[in-house]
Amino acid sequence: KAGVTQTPRYLIKTRGQQVTLSCSPISGHRSVSWYQQTPGQGLQFLFEYFSETQRNKGNFPGRFSGRQFSNSRSEMNVSTLELGDSALYLCASSLDPSGGAFLGTDTQYFGPGTRLTVL
Amino acid sequence: AQSVAQPEDQVNVAEGNPLTVKCTYSVSGNPYLFWYVQYPNRGLQFLLKYITGDNLVKGSYGFEAEFNKSQTSFHLKKPSALVSDSALYFCAVRHTDKLIFGTGTRLQVFP
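As you go down the protein sequences, you meet chains L and B in turn. Residues in the first sequence are numbered from 1 upward in steps of one, following the numbering used here. Residues in the second sequence are numbered from 1001 upward in steps of one, following the numbering used here.
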């Protein structure tokens, strides 16, 4: 079974621009989460989607947004880019067999990430 | 609040020796604990998890972890380290729909 895929793998943008990152989960997985990884802040949760609905959101400004499509694929968007947005953005998918009744036992599988550089 | 701590930024071990990467946690309710490994320019790879049951959890690539409720620890172990085990290791606790990660421990295995 193919793993989580993320496109593009690398992006270079300038301040003020916006960017869209894409994530395709493992086939059959219905939950998609996004994380930001930076040397200073480590791994931080951005948001999580299940059945096209955002279930949880981390402490990031409104410039960070996402969505999930009916095939479980997800995109995240960052508008008005700042230098501090330079990071590795990781997507993770999980099966979530509980159908939304969160159990906490599900394993999240990560993609290779998108390296965003803001100049 | 749920949190995990990895007290060591780096662990150095000689190839063939046992290794331990430490993790302590603070949770309310049942702890769902995970270990991931990250190689350079790669995403996170799942190693193992503790949900319930046996305190010794076996995972991928010969790794195992020992859950200790009284010490609130979940240390990652391997009986015999390989140079290829050199990577960044993250401990995490599951809270609602998200993982809360530790700061990571860099493992360096010397030949």
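Read the hints as simulated data drawn from the structure, not as lab findings. Some hints here could point you the wrong way.
To be verified - Think about it this way: if two alpha-carbon atoms lie no more than 27 Å apart in a straight line, the pair counts; the simulated DSS-like pairs of lysine-lysine are:
1) Lys13/L x Lys57/L
2) Lys1022/B x Lys1069/B
3) Lys1049/B x Lys1/L
4) Lys1058/B x Lys1069/B
5) Lys1/L x Lys1058/B
6) Lys1077/B x Lys57/L
7) Lys1077/B x Lys1022/B
8) Lys1058/B x Lys1022/B
9) Lys1077/B x Lys1049/B
Hints versus structure:
1. Lys13/L x Lys57/L: Cα-Cα ~25 Å, so holds.
2. Lys1022/B x Lys1069/B: Answer holds: Lys1022/B to Lys1069/B is near 14 Å, not above 27 Å.
3. Lys1049/B x Lys1/L: At roughly 21 Å apart (the allowed maximum being 27 Å), Lys1/L and Lys1049/B satisfy the hint.
4. Lys1058/B x Lys1069/B: Cα-Cα ~17 Å, so holds.
5. Lys1/L x Lys1058/B: holds, 22 Å
6. Lys1077/B x Lys57/L: Distance ~33 Å between Lys1077/B and Lys57/L Cα, so the pair is violated.
7. Lys1077/B x Lys1022/B: Answer holds: Lys1077/B to Lys1022/B is near 9 Å, not above 27 Å.
8. Lys1058/B x Lys1022/B: Between Lys1058/B and Lys1022/B the Cα gap is close to 16 Å, so the pair holds against 27 Å.
9. Lys1077/B x Lys1049/B: Distance of about 13 Å is within 27 Å: holds.
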